[in-house]
Every structure is written in structure tokens, then in C-alpha cells.
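Put chain B on the given structure of chain A with help from the hints.
Each protein sequence line maps, in turn, to chains A and B. Mapped onto the working numbering, the consecutive letters of the first sequence carry residue numbers 383 to 823. Mapped onto the working numbering, the consecutive letters of the second sequence carry residue numbers 383 to 823.
It is worth saying that the hints were derived from the structure and are not from the lab. We put the beta carbon where it would ideally sit given N, CA and C, even for glycine. Warning: the hint list may mix true and false statements.
As the list claims (entries may be wrong) - EDC-like, lysine to aspartate or glutamate: derived pairs with alpha carbons at most 16 Å apart:
{"id": "1", "chain 1": "A", "residue 1": "577", "chain 2": "B", "residue 2": "431"}
{"id": "2", "chain 1": "B", "residue 1": "577", "chain 2": "A", "residue 2": "459"}
{"id": "3", "chain 1": "A", "residue 1": "403", "chain 2": "B", "residue 2": "405"}
{"id": "4", "chain 1": "A", "residue 1": "479", "chain 2": "A", "residue 2": "450"}
{"id": "5", "chain 1": "A", "residue 1": "482", "chain 2": "A", "residue 2": "450"}
{"id": "6", "chain 1": "A", "residue 1": "577", "chain 2": "B", "residue 2": "405"}
{"id": "7", "chain 1": "A", "residue 1": "430", "chain 2": "A", "residue 2": "463"}
{"id": "8", "chain 1": "B", "residue 1": "577", "chain 2": "B", "residue 2": "548"}
{"id": "9", "chain 1": "B", "residue 1": "577", "chain 2": "A", "residue 2": "578"}
{"id": "10", "chain 1": "A", "residue 1": "577", "chain 2": "B", "residue 2": "450"}
{"id": "11", "chain 1": "B", "residue 1": "482", "chain 2": "B", "residue 2": "462"}
{"id": "12", "chain 1": "A", "residue 1": "430", "chain 2": "A", "residue 2": "474"}
{"id": "13", "chain 1": "B", "residue 1": "403", "chain 2": "A", "residue 2": "578"}
{"id": "14", "chain 1": "B", "residue 1": "577", "chain 2": "A", "residue 2": "405"}
{"id": "15", "chain 1": "B", "residue 1": "482", "chain 2": "B", "residue 2": "450"}
As the list claims (entries may be wrong) - Between beta-carbon pairs, the in silico distance windows are:
{"id": "16", "chain 1": "A", "residue 1": "725", "chain 2": "B", "residue 2": "660", "range": "36 to 44 Å"}
{"id": "17", "chain 1": "B", "residue 1": "533", "chain 2": "A", "residue 2": "726", "range": "53 to 61 Å"}
{"id": "18", "chain 1": "A", "residue 1": "387", "chain 2": "B", "residue 2": "498", "range": "39 to 47 Å"}
Number of protein chains: 2
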Amino acid sequence: MTMPDLVAARDVNALNEWLNKADTLEIAEELGRLPVADRAIPFRLLAKDRALEVFEALDPFHQQELLEGLRDVNVRELLEEMDPDDRARLFDEMPAKVAKQVLAGLSPRERSLTARLLGYPENSAGRVMSPEVVNLRANQTVAEALARVRRIGGSAETIYALPVTDDQRRLVGALGLRDLVLADPDTSVGELMDKEVYSARVDQDQEEVARLIQEADLLALPIVDTEERLVGIVTVDDAMRILEEEQTEDVARIGGAEPLEHPYLSVSVLGLARSRVIWLMVLIVAATLTVNVLGFFEETLAAVVVLTLFIPLVIGTGGNAGSQSATTVTRALAVGELRTTDVALVVLRESRVGFLLGAMLAAIAFLPTYFFVEDKRIALVVSLTLLTVCTLATLVGSLLPLLARRLGFDPAVMSAPFISTLIDATGLIVYFVIARTVLGL
Amino acid sequence: MTMPDLVAARDVNALNEWLNKADTLEIAEELGRLPVADRAIPFRLLAKDRALEVFEALDPFHQQELLEGLRDVNVRELLEEMDPDDRARLFDEMPAKVAKQVLAGLSPRERSLTARLLGYPENSAGRVMSPEVVNLRANQTVAEALARVRRIGGSAETIYALPVTDDQRRLVGALGLRDLVLADPDTSVGELMDKEVYSARVDQDQEEVARLIQEADLLALPIVDTEERLVGIVTVDDAMRILEEEQTEDVARIGGAEPLEHPYLSVSVLGLARSRVIWLMVLIVAATLTVNVLGFFEETLAAVVVLTLFIPLVIGTGGNAGSQSATTVTRALAVGELRTTDVALVVLRESRVGFLLGAMLAAIAFLPTYFFVEDKRIALVVSLTLLTVCTLATLVGSLLPLLARRLGFDPAVMSAPFISTLIDATGLIVYFVIARTVLGL
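With the rest of the complex left out, here is chain A (with noise of 0.2 Å):
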């Protein structure tokens, strides 16, 4: 039996026996896919280290739907057990209220270290560092330096990195506690540490704290005031799980559709439609281009019906190459490999693309269109639209993140519904005109 099905059968026995034998990673994953109600039932069977353990392998919003099943007392202790920085996050998702309730009940050195947190703005470094940061300072031995870390070490989020400071607490080096224990005891910090040390600011955005991290391949990065003081440490598992996070966004983006709040299993059906009517209705408004083009060439198309047969193929086409090159835009600029300044560069690169494309599927197409329709004037025009199409598709494609950069608005809004739908009406008009003109009508 499965452990929902144990749980369903209250069988305390062999959902204990299950508990012994998963890991921490699998008893949070199925924790997270039982009904709510249910979700107390095996959390209470665990010791209480694993539970905390459990519980720290939550998603925040499972860690809040957990915790409005269990008592007042089991939730004191494990909130008071958390590292400030996620318990700052699962306050996020609680209800004001409760939220206001439970950091009341926590001790006054941990309710302090939440508010401060909570105090910097969302998606700041401020709300994901952790403010029990190990600093060292320069003229610390080695020996000297192991001591503070073995004395003060223990509640901080991490030692594996250590910030080395002034004596306004303005940072000026960092080392890693592997120097430390590799160095001979009697070396200064200031010989051994690394002066060229990456920071960021308590208010930069965390995706940029969390990139920086990745790009520097670090541990951890010392976050500092707007006086270059020492406040705390972002840890590479946040990093990852930030990055994780905006790439979830991305992705939602580029399919067209606002980002879930909570993990997909978690949101209600009419969550989900709510995350994707937005888009859906502005894509319609946007459609509603191609009506009133096709209106203005229904002569066209009545006096040469077989021009429609062709119309989801020609804009299809360009839908698909419009989508290639905005995603694969997106993700350049999301990864630093593009710049906002880069424009000419892939005007440049992105129109030969698109032309070297077009070319061969016009090349392609010419003559099966011609043995469908036998008309050598129809099948140019199918082969010369897909040639313009295209080349324009590719083109406003890959251009149109870049200026959503520029403007300040995420490059992922620039979805692939949002080019097809775009170049659908362009795509209308170009062949249209392509038609009159070979047609000479």
C-alpha cells in the first residue's frame, strides 16, 4: 500500500514501519499529497528531530496547511527551531492575523530576528538572508578565529563561509572555514582571506543575489547595508531554491500564463483558470486584428477561395518561428548571456536566421502547394509569404524581449501565444498583399 492509502486505513502500524523506512524527502513529498485534514496524522508519529526535519522539507505553503492541524504547543517548538529566514517565508503565506498571533508565542530573541526580516521588502536579500552571520576580523589569528566560530558558531545558518570585518563592521574580506582548518593556526585572517569579496546590497533583488551566487560558484554571500555593514548571509540552498522559483515563472510566462502561487497540485481549479483567463482574454482582444483583417480582404477571399485553405499553415508557421526566437531570447537575457545594449547584435543574427529559415521553407513548400492546388501563382504566393513571415517573425521575436527588458517588465511576458497571436494579423496582411500583387488583383 502506497502511504496515502495507509493513512486513508489509519493502519498506525504499518504507516510507522513506512515512516522508519523513508527518508526525509519522501515523507515530505507524500506529506504534501495527502488531503489537508490527513496531514497531521503521520507528522505526529515522527520523533520530534525528524518532524523538525520534515517540516524544514516543506514548501511554505504546506508548512502553513500543516501547521493549522496541529496544536499550539507542537507549533511553538517548531517555529522557534526554524532558521529565521524560513520562517520569515512561511509567515508570508499566513494569514495576518495568525501570522501576528504566532510570533508572539516565539522567544524574544527569535521573534526579534523574524521581525527584522519581515521588515525588508518581498523579494528583497533582506527577507531571504539570515541575519546569524559568524564575522571574523583581520588581525585574528587562525586559532583565535576557530574559537569565535566553535563559541558562536552554533545557531549561525551557516560557518562554511565567513565574512571578515572592520571595526564599524564594514566588510573587508572573506575566507571559508576550510582555510581556516587547512591554514596553520598561527596565520592572521587578514594574510589568509580573499580581499576580493563579492556582497550584495539588504535591498537588491533576491534573483540577482541568487545569480551572482551561482556565477561566483559560492557558499554563501554577506549581505551589507546601505553603509557597507555587515546585516547577514544569503546561503546557496536559498540561492537555489530563488532561482528554482524564477524559473517557474519564466516558464509560466513563456506558455502564457501568470505564475501559480503555490505548487500546481495545491491550486484549485479555479486558481488555475484565474492564472490563465488574463492572457487568454487579452490574446482574444488581440485576435480580434486578424477578424478585421481578413474583413477588409474578404473580396479577395471570396473571389479566390482557395487562398483560405492556406491561411493556418502561412501563420502558423510564423507563430512557430516567432516562438523560437523569443524564447530562446528570454532565456540569453535571463542567464546574462545578452545584454539590453545588445540590440544591433541580434537584429543582426536573428534576420538572417529567420531569412535562411524562410528561404528553405518556401523552398519546401512550393511544389506540394503547387500539386494541391495546381497553380503555380498560388503556390508562389504560399512560398513568398512564408519567406516574409518568417523573416519578420524571427525578427520581432527575438526584439521584443529585449525591449521588455529595457522597459523594465520580465522579457517572459513576450510568450509564445503573445508572438503567434502577434504575428498572426502581420502574418494576414503579408500574404494578402503577396496575393494581390502575384494575382494582380
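Coordinates of chain B only, in the frame set by chain A:
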């Protein structure tokens, strides 16, 4: 002047000044953007240690390009200092002949480490792990363990995660350097270690390894062979890189293109076209279905030309709804929120979402269509088609990624363009069947 300008002007003094101010990442980024032939110029100006740091921050493709411009002596030194797993990645980029030659120039120890990694299949854990891992024994005291770390830790890629092995080198536990540093020196490693230790097999897919590191918040994951013996370790920085690469592949596929093998700006126009042309051709062949469907209904079209006006709108909307659900499900699969066994659940949810969206769009579209064509029946046809196509597209869009995964493909091949093209033909059939019924043709 920007760094490329300084290089172009061959202004060595100004270039030196720029290099002194810039950090490692900035230098690596600008290097990657220089013309290939010019990259050696600023690189030779760097001090030896710094040069190695910059080299390590480059993408393997850029590393390989840079090596071609350097002299043999420098190359050997750089390669000798790299981590074995990074070196293996670089060797993958080199022409086989060059790789063989360079490998021969390494010291016997580094050569054998690299050769061992290159012996594992591409994309396996073995290919990305570091074989230099510090393992402890359960019967050691903390003091003994620390002494061992100091003795052999210098050459290991990480000493933050320390696997514990038995006398057969089988994994029995793990602890962090943090635990060693904070613990009483007389405690035994066996008491201190975590017995619930995550590990992966050397032939496991690198994406699974990276995802486990992320989900379990690990700094490194021990890698074992088929007999459960410790053979290496994969670190979190490699996990982040792997996840970013996999994500880039997913985004390319979602946009309907094959992933690029190198950074965007390093891929030629021909290379970009090659990554896109296959799918465009597959899709245009699929799109001939729409030509056939329209050909089949040509009489209906000729009789009621006004039906043509709404073709792009109804099939476009279907494509958009399909893209939305396909990308949502693809992402939920990628991050592990959905499993392939969740088909029934997904069908239940997405068919309701699709119906809801379709109903809303149908309601919104009715009046404007009516006013535009002044024909209630046409408005009814358009609305009914939107309702049907939206429901169908959402359902199909969500099922195809699940099906692809079940068949062992990347769910992301069910791209937005692919779903759109598929929905185009189906949508047309729905449209004409409804039109014929309502209009009594």
C-alpha cells in the same frame, strides 16, 4: 571606454587598470564577448592565480576557444590546476585529437583522475563528480578526523561534506565539517554522523543528482558504484550548473527549438537556424493537415465566406489555451510536483479548467461577434467553438507532456508550437462541424 574597446585599441596600460578594478566574474564575462582571436591579450596580462580563477569562471566552450590562443606552457599549467570534473567538461569540448595530446601533457595523477571521469557515460553522475573525496571512519574521534581532513583535504574539491565509510569503502553515514569543528574533540565520528545519508549511483542521470542536492539542501552528494562503494562526490555548484543547463534545454524545447550546444552569442547564424529548422519542418508538415481539413470543408467556406474571418481567432485561442496547460504541466513534472501516475488527477483538473476558460471566452465573444457580423447564428458558432476548443486544447495540452514522459521523452518536446499546430487542425474540424450543424448546411 569599455574593455572590448581597450582591447581593440591595444591600450595595454588602460587594460591593466581595468583588469585591476574588475572582479573575476566581470573579466570572464567580457572575455567571452571579445572576438576569439583577441581573448588571449587581456588574459596574458593577468597574474597567474587570477588567470586560473578567470579561466575557471569561463564556460567550457569559451575555455576551449581561449586555449587555442595561448601557448602550450600556459595551457599545461592551467589544466594541471583545474578540478578534475571541470577538466573533464573542458575535454568534452575539445576535438578528440587535441584532448588526447593535452591529456598526455598532464601529470600522471591528474591524467588518471581525468581519464577515469571521461570513462563514465555523458550526463552521468560519474562524469560530473570529483573523485578526490575525503572519507572518514566511524571509529575515529573528532580530533583524528580533523587531523585527517587537514592532511589530505588540500587537494579535495570539498571538505564541507564528509562521507563516512566502512573498511570496504561502503557508505555508512556522513557529516559536515561544521559538525566536526563544533563538536567535542573526543566524540567519535560514529556518534556524530548522520546515518540517513543521501547518495547516488555513478551511472545515475546528472539531473536526478542535481535535483536531490537541491531538494535535500546538500552541499555535496556522495557517489557510489554498483557495490555501494564510495567513488566520488558531486558538489552544489555543479548541481546549480546542471539545473541551469537542463532548464535552458527545457525553455528551448518549450519554444519549439532544439537546445543550443553553446552560449547564444557563440552559436553561428547557421547553428541557430539548425537548432530551429527541424521542428519548423515537422510543424509545417503537421500544418498541412489544416490545408486538408479546409479543403474538405471548401464548399462550406465558399457558401459562408464570413466563417473564414474567425478561423485565426478560434484556432489561435485554442493554441494559446493548450500552450498554457502544456507548459504548466511540463514545469510541474520537471520540479517533481507531478508524477506520470497522476494522469487521472490531471484530466479531472484540466478538463474543468478548460471548460471554465472556454465558457468565459464564449460568453465574452458572443456579443462583439454578433455586432460585427450581424448574424446570431455565426456568433453562436464562434462561441460554441471557443468553448469546445478551449476545453479540448487544455486537456490535450496537459496530457501530452505526461504521455511524453511515460514514453521516456523529455515532456518539454510537447512545445507551445507543437500543441498549437496540433490544435489548429482539430480546432478547424470542430469549427466546421459546429458551423454545419448550427447553420443547417
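Against the structure, the hints:
1. A:577 / B:431: holds (14 Å)
2. B:577 / A:459: violated (24 Å)
3. A:403 / B:405: violated (48 Å)
4. A:479 / A:450: Given pair residue 479 of chain A, residue 450 of chain A holds - Cα atoms ~13 Å apart, limit 16 Å.
5. A:482 / A:450: Holds, at roughly 15 Å.
6. A:577 / B:405: holds (11 Å)
7. A:430 / A:463: holds (11 Å)
8. B:577 / B:548: holds (13 Å)
9. B:577 / A:578: It is violated: about 38 Å lies between the C-alpha atoms, which goes past 16 Å.
10. A:577 / B:450: Violated. Residue 577 of chain A to residue 450 of chain B sits at ~31 Å, over the 16 Å cutoff.
11. B:482 / B:462: Holds, at roughly 15 Å.
12. A:430 / A:474: violated (25 Å)
13. B:403 / A:578: holds (10 Å)
14. B:577 / A:405: holds (11 Å)
15. B:482 / B:450: Distance of about 15 Å is within 16 Å: holds.
16. A:725 / B:660: 36 to 44 Å: violated (28 Å)
17. B:533 / A:726: 53 to 61 Å: holds (56 Å)
18. A:387 / B:498: 39 to 47 Å: This hint holds: roughly 45 Å between Cβ atoms.
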